[in-house]
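A.B. asks: Sequence:
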Amino acid sequence: AILGTGFRAADPASAPNVSVINSTRLAMLRFAMAYIPFLLLEACVLWAVKIFHIPAPPQPALHSFYEQTIGVRLSMIFSIGIAVPIAEEVVFRGTLQPAVSRIIGPELARLSVAVLFGMLHGPIAAVPIGVFGYFLSRIRDAWGSIVPCIIIHSINNILDLIFYASC
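In terms of this note's numbering, the sequence shown is residues 1 to 167.
By construction, these hints were calculated from the structure, which means they are not laboratory data.
Please note that a few of the clues may not be correct.
Said to hold, decoys possible - The calculated SDA-like cross-link candidates involving lysine to any residue, where the alpha carbons are at most 25 Å apart (straight line), are:
id	residue 1	residue 2
1	K50	L40
2	K50	W143
3	K50	V131
4	K50	F31
5	K50	N22
6	K50	I77
7	K50	P37
8	K50	S101
Claimed, not checked - Label-pair distances were calculated between CB atoms; the ranges are:
id	residue 1	residue 2	range
9	M119	R73	41 to 49 Å
10	P55	L29	22 to 30 Å
11	H53	R102	17 to 25 Å
12	E107	S75	37 to 45 Å
13	L26	Y66	34 to 42 Å
14	V90	M33	25 to 33 Å
15	H53	L29	19 to 27 Å
16	T95	H53	13 to 21 Å
17	I103	I54	15 to 23 Å
Where a beta carbon is used, it is the ideal one built from N, C-alpha and C, also for glycine.
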């Protein structure tokens, strides 16, 4: 799994005798190795949209992010960076993924929920967001919780907001 499953070893005797700090460092390295290519994929899609003048509704509203008042920007950051990730993770990784997993198994559940997650974000964002959804599904299974997914999703959305608004 992507974020280091050492914290969730089924048999404590089989878990490697590594300190929490070293486990955290290893988990962060695994995370970076998986997350950086995803960010590059997202950047390529954003650049292609800009270069080929592809309409990407409703994101054009974000182009004026830096021209908004500080209050509007803070509300956009809160809604896009905090509220949306919480809602999406509760629905997709917290509810759908476990339910679908009981029916078709964990791997197909991760894949099907990721495809649905990508498709609901529109045709331009479907592939990178679908890949991101699969990434989050793996993290949810590795940690047994949606909390890391919410944190990663929030960081990603805030970075996307800043990056997209500056393109």
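A.B. asks: Against each hint, give a clear statement of whether it holds in the structure.
C.D. replies: To see whether the hints hold, each was checked on the structure:
Restraint check for K50 and L40: satisfied, since their Cα atoms lie roughly 15 Å apart, inside the 25 Å limit. Annotation: proposed proximity of K50 to W143 is violated, straight-line Cα distance about 37 Å (limit 25 Å). Restraint check for K50 and V131: satisfied, since their Cα atoms lie roughly 21 Å apart, inside the 25 Å limit. For the given pair, K50 sits about 28 Å from F31 by alpha-carbon distance, which is inconsistent with the 25 Å threshold.
Taking the CA atoms of K50 and N22, the gap is near 42 Å; set against the 25 Å cutoff, the hint is violated. In summary, the hint linking K50 to I77 is supported, as the alpha carbons are separated by about 22 Å, within the 25 Å threshold. Note on K50 and P37: the hinted pairing holds, with a Cα-Cα distance of about 20 Å set against a maximum of 25 Å. A C-alpha spacing of about 38 Å is found between K50 and S101, which places the hinted pair above 25 Å, so the restraint is violated.
Checked against the hint of 41 to 49 Å, the C-beta distance between M119 and R73 comes to roughly 29 Å, which is inconsistent with it. Checked against the hint of 22 to 30 Å, the C-beta distance between P55 and L29 comes to roughly 39 Å, which is inconsistent with it. The hinted range of 17 to 25 Å is not satisfied by H53 and R102, whose Cβ atoms lie roughly 45 Å apart. At roughly 39 Å, the beta-carbon separation of E107 and S75 lies within the given 37 to 45 Å, and the hint holds.
Taking 34 to 42 Å as the suggested C-beta distance range, the pair L26 and Y66 conforms, at roughly 38 Å. The beta-carbon spacing between V90 and M33, approximately 27 Å, falls within the hinted interval of 25 to 33 Å. Our hint of 19 to 27 Å for H53 and L29 is violated, since their Cβ atoms are close to 39 Å apart. Checked against the hint of 13 to 21 Å, the C-beta distance between T95 and H53 comes to roughly 38 Å, which is inconsistent with it.
Taken as a hint, the range 15 to 23 Å is violated for the pair I103 and I54, whose Cβ atoms sit roughly 37 Å apart.
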